[in-house]
Each structure stands twice: as C-alpha cells, then as structure tokens.
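Go ahead and model the full structure; you've got the sequences and the hints to work with.
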Amino acid sequence: MIRLSMLQLRVQAITAAVALIAFAVLLAATGPHLASLYAASGLRGCQPASCGQRASSFLKQVNSTGPYAPVDLLSIIIIALTPAVTGLFWGAPLLARELETGTFALAWSQSVTRARWLAVKLTVGGLAAIAVTEALSLLFAWWAAPLGRAAALGGGGSGVGMNQFNPLAFVTHGITPLGYAAFAFTLGVTAGALIRRTVPAMAVTLAIFAAVQIAMPLWIRPNLFPASHTTVAINFNDSTLDLYKTGSPHTFTFTLATDGSVAGQPGAWIRSSGAADAAGHPVSTVVPSACSPAASSSGPGPALANCLTSRGIRIAVTYQPASRYWPLQWAETGIYLVLSLALAGYCFRRLSRLS
Amino acid sequence: MNAAIQASGLGKQYRRAWALRDCTLAIPEGRVAGLVGPNGAGKTTLLRLAAGMLTPTLGTITVLGERPAAGPAQLAQVGFVAQDTPIYSRLTVADHLRLGAWLNPGWDDHLARHRISQLALNPKQRAGSLSGGQRAQLALTLALAKRPGLLILDEPVASLDPLARREFLQGLMEAVAGQGLSVLLSSHLVADLERVCDYLVVLVASRVRLAGEVSDLLASHHRLSGLRRDPGTLPAGQEIITESHTDKQSNLLVRTDGPVLDPAWAVQPVSLEDLVLAYMTRAADDGPASPQRLKVAS
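Those sequence lines, one after another, are chains A and B. Counting from 1, one number per residue, gives the positions in the first sequence under our numbering. Counting from 1, one number per residue, gives the positions in the second sequence under our numbering.
Check the hints yourself; a few may be wrong.
[What the hints assert, rightly or not] Have a look at the derived ranges for each label pair, beta carbon to beta carbon:
(1) Asp-198(B) with Arg-116(A): 35 to 45 Å
(2) Ala-120(B) with Ala-207(A): 46 to 56 Å
(3) Lys-124(B) with Ala-215(A): 42 to 52 Å
[Stated by the list, open to error] Incomplete in silico selection of chain A near chain B, CB under 7 Å:
(4) Leu-4
(5) Ser-5
(6) Leu-99
(7) Thr-103
(8) Ser-109
(9) Ser-111
(10) Ala-115
(11) Thr-246
(12) Leu-351
(13) Ser-352
[Unchecked claim] Here are some, though not all, of the chain A residues that point toward chain B, as calculated from beta-carbon distances under 10 Å:
(14) Met-1
(15) Gln-8
(16) Val-11
(17) Glu-98
(18) Phe-348
Don't read these hints as lab results, they were simulated from the structure. Quick caveat: nothing in here was measured; it's all calculated off a predicted structure. Even glycine gets a Cβ: it sits at the ideal position worked out from N, Cα and C.
Here's what the structure looks like:
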C-alpha cells in the first residue's frame, strides 16, 4: 500500500524534488558570499556598544547590493506558498480524483480495507508535504542566518533584516511551516471528500487556507500568550518611532513599529504603543499647554519630544518579548497539527459513506 | 451447498430515495449468475452492496459467508469490476499489475502476465490510452489475478462493441472454467447472459421476480397458443406469467413443473429473452405501485 501511494505520487514527487534542488542551488550559489559579508562586517564578537551600528550597516549593505534582497523575498514567497500548493495538488485530488473518475471502486476492491488505504495515503502524502515544506524552510534558515543574527543585534528594520516576529519571517522560519503543510494537505483531502470533484475542491482548499493564514497573524497569534507591558522614554532619534501631531488643539500620537525596540528587549514583537505616565497609566493625548509653543513649530520636532518627556510622558508598549518566539512557534504549530488531526479523523468517519 | 451471495430484507437509501428495498436473494456457489432487470431496478446498488462498496441501510447481506469488505481476507475473496471498468488512466498496464501484486496477498502474477500477453496489451502503454475493450480486459485481469472465490461484474460489456463483447465474455468463461469461481454479472442484454450464465436472477423494482438455474427455468416454462379460452380453466400447477388474447386466439406463457398434456394447446419452448421479458412485463403490470418506469433495453 505504501508502494502504491508512492507510485501515485510519482509525478508530484519528481516535481517537488526538482523544485527543491533548484531552490537549494539558488541558495547555495548566494549563501556563502552572504556569510562572507557577515564575517567581514565584524559583527561576530562585536562590542555591545557598536553592535547595533555594525548590524545596521551590514543589513544596509545587503539590502542594496547583490541579489540578496530579491532572493530573500523570493524564498519567503516560495516557503509561504508551498503548503498551499501541496494542499491543492496533493491533498485535494487524493479522494476527489478517485471519486470523480470512479477508480475508488478499483482501489477499494483490492485486499486492503479502505481505512488502511486512507491511513497510508494520508501518512505518505502528509509526510511528503511536511518534508518538502520544512526542507525549504531549513535551507532558507541556513541561508538567512547572518541576516537573522544582525536583526537580533538591533540592526533590524524592514527588508532583509526583518524582525523574527514579522509575519513573513514567522511563517517561513522555525517549525510553523510543517504545521501549515500538514493542515493544508488534510484540508485538501477533506474538501475532496466533501465536494468529490478535484477542481472545486482545490478552489475551496485555497480559499479556506488563505483565510486561516490571514486570520492567524491578525487575531490568533497575538493572543496566544498574554502580552507584556512596559513604558519607555520618548527617543526622538529612534527610527521606528513616529510622533504625529494633529488637529486643534493639538493632539499627539506615538506609533512604534512592530519591530521597534523596547529598551532591554531586543527583537521583541511590539503589539501597540501609546502615551502613558511613568506608572504606565494612559494619559491624555492633548498636547499640554506648556508644550504648545514646541508643538506649534513646524512639524513634531525634538522640542515637542523633549517637552513631553519633561512633563513625565512616556510611551506605553504592549509587546511579546523575544523569549516568546519558540513558545509561539510551538503553540501555533500545535494548533495546526490538532486541526490536521481533526480533519483526518473526519475523513475516516466519512470514508464508509464515500462510495 | 453454500451461498455465494445471501441477502435478506436488503435496502439502501440515498438521501430520500431508496435505490434498493426489501431485497431477498440467495445465489448458490459455483454458478455464473446473470442479474437482469430494467434500469433503476437496483442492479448496480445490489452489486455494490455485495462488493462492499456500499453499506446497507436495512437488512443483511453476506458474501461467501461473511459481511462484504469485513476485512482484508474477505476483500481478497471478492473480485469486483465496477461499471465503466475504472482504471488509473495515468498508470501503465504494468503499473496496474504491480499494484495488484502489492495489494493482494493471493496475487497470481503468472495468470496476470499470461492474460496481458494473450490480449496483446503493451505493458508500457498508459491505461488511459487503451480502447474500451482493452480497459475492460485489464480490469477483469486485475479482478481475476487476485484469485477471488466470487467475481462481481457490473455491466462489464455495456460499452463494448460486439466483437470486444464476445472476446470479453470468452475470456471470462475461460477463467471461470480454469479457476472454478462463482460469478455474478449484470447486463441489460439477455443475449450476453444467455451465452455465459447458468443461473438467472430477474430484479424489477428491488424485488427478485425470478431466480434459478437457467436449464430448470427453460424446462419449466412454456409458450402455449390455441383457441381463445378462459385462463381460469388451466389445471392447477400451471401458473400464468403473461397472457394475451385476440378474438379467436389465446397466447400464454406458463410455468409448470409437469408436462402440458392438453392437446388443445400448441406448446413451444421459451427463450431466455422471452422469459426475462415476460417476468419484467408481469412485474410492471401487477407489481407493487412503483414509480419505476419499465424500460426494456434492446
């Protein structure tokens, strides 16, 4: 039965192997030079005071020279799409094509019970989908390791040095890709069992998988663990901080980028930021009258920042510390694996009614 | 003698509609049994229930003494060729033999290869490019080479041209003779069944209207014609299956175990086709109020 599954997956397996090799060649061709740039940047063993500076200039160099930024982006796109592709082309046809073409009658009249048939098919196909996705992710992790280290040293921002919690980075590194692969595959199989036609099952698989992948970073991942809270001083020179003033009387707004810095928490995931006093209680965002002269000058400048600071106003930050990275990876992967098992269980329950 | 297939009160419901209802049937082992009936009688449902493709909504069915698809051992005992003889169009002929060998502990590789070479099929050819007749032969080869005790074939020759049909049935008969297995096949062509079957089941609107050895059935049915008379005057033991009358003449098809002695009748033997049509007609005339339209295929 294992051999039959492999025989039927032959075309898909060859396609996947070719894609995997092409990806490996691309990364192998550019990876060593990226590592040598990192070695030349002096980031290894840098003094804490100079690390941030060196990391920024290293990332700036990588961003602007060579093929690194496009390769980085391409890899992210490939790894993010691979689970959907395996779900569509391996998962959805698994039952739907047998039902559509009538070959289920051939498959299920051999001397193998259909429960065993499905168990082997799900295992072989699911493990193959997981293996391909995770292999891509591991190759990319090896390639992007210098970028990750530089980002963790505080040189982060956008592009190649994105924070590890950036949704694009989070879904392409670590163990989450294998959870997505398992989920997309079983989702495809289930859609095929319910719809019984390959192409509509593929469409439904794509729609549901996309919806889940959008819902996850927006509403679920941030709430998997209670966020931490702290207040930080207004640092006008921080490039990740935006200070706006609007309206009349003037009000001000802080916006700290997702991958902004929290003192003592490099690599944290900023969820929200706002004005607060030293104790962390929210304060009015109307510019205090004492600061009006500073605010009325053109644009929110350092004068306004200094004045707000002198009035005891700080930035309240809600964030997930960097140490939550792996707990979040495990929790999210666990959710997807549980969903996959539930879908697989449903397929088994439905199996006797499929023909 | 054991029953190859035994069904009792068997019913299968799809959503609201019953595809088969209250079907009771026993087919002895070692027969080549033909299943005939109008479209919608429940033939395919009955065969799929017997092959374990479906589970009954009501009643019971046992195949060679066990519930269909009860486990690998039971599945190994039953060869099934579904309607339209499905095969994997992307796999080659050789791939099909390989999957048969992998999935069936009793696989007879010699038999499979012998049949394929006899049929002059190219093992490297994709099954999707085979002709209808070759497809059917490949499906039959898969079902035979697992060495089943019972072979179930659902309209295996329906889509074949007359030559391919004859070759298929010939191959089937050779295999039956060689392997001594029981066969149940459905067809809407009585002529096909006449050539191969020694047992006949007529199914109309889920109900078994007639079942028995073909030779017994032919011996016990007669076509009577003579001057017009009241059918009520027939002796006891002569059951009228169909009757038609003109002003002067009566034509009857009767069932009787004894000989017809009345010299007023001209007695003629019946053909299997006559017999099947007679029982279908009778079922349509006096059967239970049924929405099924009787459509006798030619």
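Structure-based check of each hint:
Look at Asp-198(B) against Arg-116(A): about 36 Å separates their beta carbons, and that is inside 35 to 45 Å. At about 48 Å, the CB distance of Ala-120(B) to Ala-207(A) agrees with the hint of 46 to 56 Å. Evaluation of the 42 to 52 Å hint for Lys-124(B) and Ala-215(A) yields a pass: the beta carbon distance comes to about 49 Å. Here the hint on Leu-4(A) is kept, as its CB sits about 5 Å from the closest CB of chain B, short of 7 Å.
Interface restraint check: Ser-5(A) against chain B, minimum CB-CB distance 10 Å, threshold 7 Å, status violated. Interface restraint check for Leu-99(A): the shortest CB-CB distance to chain B comes to about 11 Å, outside 7 Å, so the restraint is violated. Interface hint at Thr-103(A): satisfied, since its Cβ lies 5 Å from the closest Cβ of chain B, which is below the 7 Å cut-off. With a cut of 7 Å, the hint placing Ser-109(A) at the interface with chain B holds, because the nearest CB-to-CB distance is about 4 Å.
The beta carbon of Ser-111(A) is positioned within 7 Å of a beta carbon in chain B (closest approach about 4 Å), and the interface hint is therefore held. Annotation: interface hint on Ala-115(A) violated; nearest CB of chain B at approximately 10 Å, more than 7 Å. Contact between Thr-246(A) and chain B, as hinted, is not supported at the beta carbon level, the nearest pair being about 62 Å apart and thus beyond 7 Å. Look at Leu-351(A): its Cβ only gets to about 11 Å from chain B, farther than 7 Å, so that hint breaks.
This hint holds: Ser-352(A) has a C-beta 6 Å from the nearest C-beta of chain B, less than the 7 Å allowed. Restraint check, Met-1(A) versus chain B: the minimum CB separation of about 6 Å is within 10 Å; hint holds. Given the 10 Å rule on beta carbons, the hint for Gln-8(A) holds: about 8 Å separates it from the nearest Cβ of chain B. The interface hint given for Val-11(A) is met, as the beta carbon of that residue sits about 8 Å from the closest beta carbon of chain B, less than 10 Å.
For Glu-98(A), the interface hint holds, the least distance from its beta-carbon to any beta-carbon of chain B being 9 Å, beneath 10 Å. The restraint placing Phe-348(A) at the interface with chain B is violated, with a minimum CB-CB distance near 15 Å, outside the 10 Å limit.
Checked against the numbered hints listed earlier, the structure breaks hints 5, 6, 10, 11, 12, 18; every other hint is satisfied.
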